[in-house]
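Trainee: Now for the letters of each chain:
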Amino acid sequence: MRRIISVLMENEPGALSRVVGLFSQRNYNIDSLTVAPTEDQSLSRLTLTTTGDERRIEQITKHLNKLVDVVKLVDLTEGAHIERELMLIKVKAAGAQRAEVTRTTEIFRGQVVDLTNSVFSIQLTGTSDKLDAFITALGESIVLEVARTGVSGISRGEKVLTL
Amino acid sequence: MDQLSGGEALIRALHDEGVDIIFGYPGGAVLHIYDAIFNQDKIEHILVRHEQAATHAADGYARGTGKPGVVLVTSGPGATNAITGIATAYMDSIPMVVISGQVESRLIGSDGFQETDMVGVSRPVVKHSFMVQNAADIPLIVKKAFHIATTGRPGPVVIDIPKDVTDPKVKFDYAYPADIKMRSYAVPAKGHSGQIKKAVDVLMAAKRPMIYAGGGVIQGEGAELLTELTRELGFPITNTLMGLGAYPASDKQFVGMLGMHGTYEANMSMHYCDALLAIGVRFDDRVTNSDVTKFCPDATILHVDIDPASISKTVSADVPIVGSVISVLEEMLAQVKASKQKVDEKSLKVWWDQIAQWREKDSLGVTPSEDGITIKPQEVIQAVYAITKGDAYVSSDVGQHQMFAAQYYGFDKPRRWINSGGLGTMGFGFPAAMGIQFAFPDAISVCVTGEGSFQMNLQELATCMQYQLPIKIICLNNRALGMVKQWQDMQYGGRHSHSTYAESLPDFIKLAESYGHVGIRIENKSELNAKLEEAFALKDRLVFVDVLVDPEEHVYPMAIKGGAMKDMILSKSERT
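Sequence lines, in order, name chains A and B. The opening position of the first sequence corresponds to residue 1 in the numbering used here, with each subsequent residue numbered one higher. The opening position of the second sequence corresponds to residue 1 in the numbering used here, with each subsequent residue numbered one higher.
If you're looking for bench data, these hints aren't it; they were derived computationally from the structure. Be aware that a few hints might be false.
Restricting the straight-line Cα-Cα distance to at most 27 Å, the calculated cross-link-like pairs of lysine-lysine (BS3-like) are [said to hold, decoys possible]: (1) Lys566/B with Lys252/B; (2) Lys130/A with Lys92/A; (3) Lys72/A with Lys190/B; (4) Lys313/B with Lys62/A; (5) Lys197/B with Lys207/B; (6) Lys62/A with Lys144/B; (7) Lys62/A with Lys252/B.
Computed from a prediction, not measured in an experiment: that's the story for all the values here.
Given these sequences and hints, build the entire structure.
Mentor: Here it is as structure tokens:
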């Protein structure tokens, strides 16, 4: 099962390498990873997606919690949550293709953020599934380059991940 | 408030932390620190002959005393040489603080002379690590390092210090923090009362109960409480390799060590029990055998551990209890005493009768050699046990001799059996025995080793001469890497690929003598006792006893790969 785990950790050198190292050391997968400081400069928030059965996910959260730099974590997929990923994608767009790409972008509520005579650069946010669907809709033959941020997320309602 | 340099502050902080001995080896990046050591007399520094030995000696000291071992090494090769010892301590959850020098801050990342990314290299084998950026941070970092190393599930912590940070010309106001609180590091509290109640209910209803206790009981100072609880319940108990001494081996409720080379009765009791109280253990593959689905098929599993990640890692616990072993055992004992439901004595009697039958198999019985001359390795351990009255500190290396020592030296007290269980580090035993001898100068520190393992850290014979350590080294010399050879006998058609070297062994007697020690060789069974007596009578000398033992001997019982715990090879001709 796919899980989204959000981790609050000390904003210190080496903290990220400990998290990443844990995954490689114990043979866990990381499908995506995103990290940045929070409103509290002493803390970073790291969000990762991984897959595994319940036992494996339990071990992952336990081992993450054991890392001295990790202050708190939540498995967002355990409850209602909002998941977003940002994608910048560069596609071939010449002649008739330009209208087609523009229409598809509108349908997915993306924005063309840069263009040349033959190329569009498009920005799109959404769930990972939506980004995948957009690439499929455009048709892989016109895709030149994809840059995705990896998933970030937050729980719905009043639940907060904070100290 | 004193004005101290980083180097001085480090040594002062160690002293303020209660450290009185450190094991180390100097080098360029730690020269400022060594100068600070020279100028004080509160902390004794032990100069080893290889950094790996420094970590093992500190480890032995920690295992023997329960206090953290402290190591000081230089950057680059000094730091990397320490890695095996750090990993050894990590696998067995031993509290240790390793201080490594680093190149000057301005040179970090430039491939400077003797530069290694120690924080990076050690990351998978430490509980935590620090890179010091300012001298003024040293007191707080030392405080944190010791706090992390010694609390919760203990483990090694590395402090990497760039040379400029210890510069004697840069001083700051030194103050050692009295207390430490870290928002990201909480020590598990007491075990949950409700969970303990559930466990007690299972134990009281059990017909075939079993207690399985490991190194966590020793680390958590829970041996006394465990003994009290076990006697109160009247249940059979087994200890893991790491847990030997957690319950007295000479007691009638003790069924011996379990696992790959455990006793027949211990492994059978495990397999057929219906309630298993597992304390301070981690269901290691050397215990459960390779297929965990066959492990204790009838048992309700109660698992007590301070590390939540240990619980349900390999074997799912029916009643998990996270907490310090002392807090859980105290409450469990109180609940057992207060419980309205009493132990099912009738079923327990039937269970003990069954165990008595298993015991009759005498799986550790030793068959003397037919010629009456050849010495069996087991006989050596039995003789050492008799001469030391079972009261020595026994360190071991890794291999057949380690298993023989574990099987035949009945440990009645915790912290007497010093061995590398998790990582299985050859070369561990001798330096660990040094750490023991430094901690307990008047105790008998025995190192049971093999001629293979011993050669991995024999340079420490020099350290033992320098500090006059009267260690007794008992070398079970079978002219081969015995455990490797045993597996090759059993699984590779007797093809001894690179496990023998009889023609190139040193003369260990001359070797010991060349370092100024005493060497004694024993070749004939008739002289075994007398010569061992002679060795132990030399109380002020290191004695290397080279015992030529039967090279054909295998360690039994031995778990059958892929089987359950009840599946064992009992001798060269008998299986379960």
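Trainee: Hints first: check each against the structure and report whether it holds.
Mentor: Hints, verified against the model:
Our distance criterion of 27 Å between C-alpha atoms is met by Lys566/B and Lys252/B, whose separation comes to about 21 Å. Between Lys130/A and Lys92/A the CA atoms are separated by roughly 20 Å; this keeps the pair inside 27 Å, and the hint holds. Between the alpha carbons of Lys72/A and Lys190/B the distance comes to roughly 20 Å, so the proposed pair stays at or under 27 Å and holds. A hinted pair counts as satisfied when its Cα atoms are at most 27 Å apart, and Lys313/B with Lys62/A qualifies at roughly 10 Å.
About 18 Å separates the Cα atoms of Lys197/B and Lys207/B, which keeps this hinted pair within 27 Å; it holds. With a C-alpha separation of about 22 Å, the suggested pair Lys62/A and Lys144/B falls inside the 27 Å cut-off, and the hint holds. Of the pairs offered as hints, the one joining Lys62/A and Lys252/B is violated, with about 39 Å between alpha carbons and a cut-off of 27 Å exceeded.
Figure legend: structure checked against the earlier numbered hints; the only hint not met is number 7.
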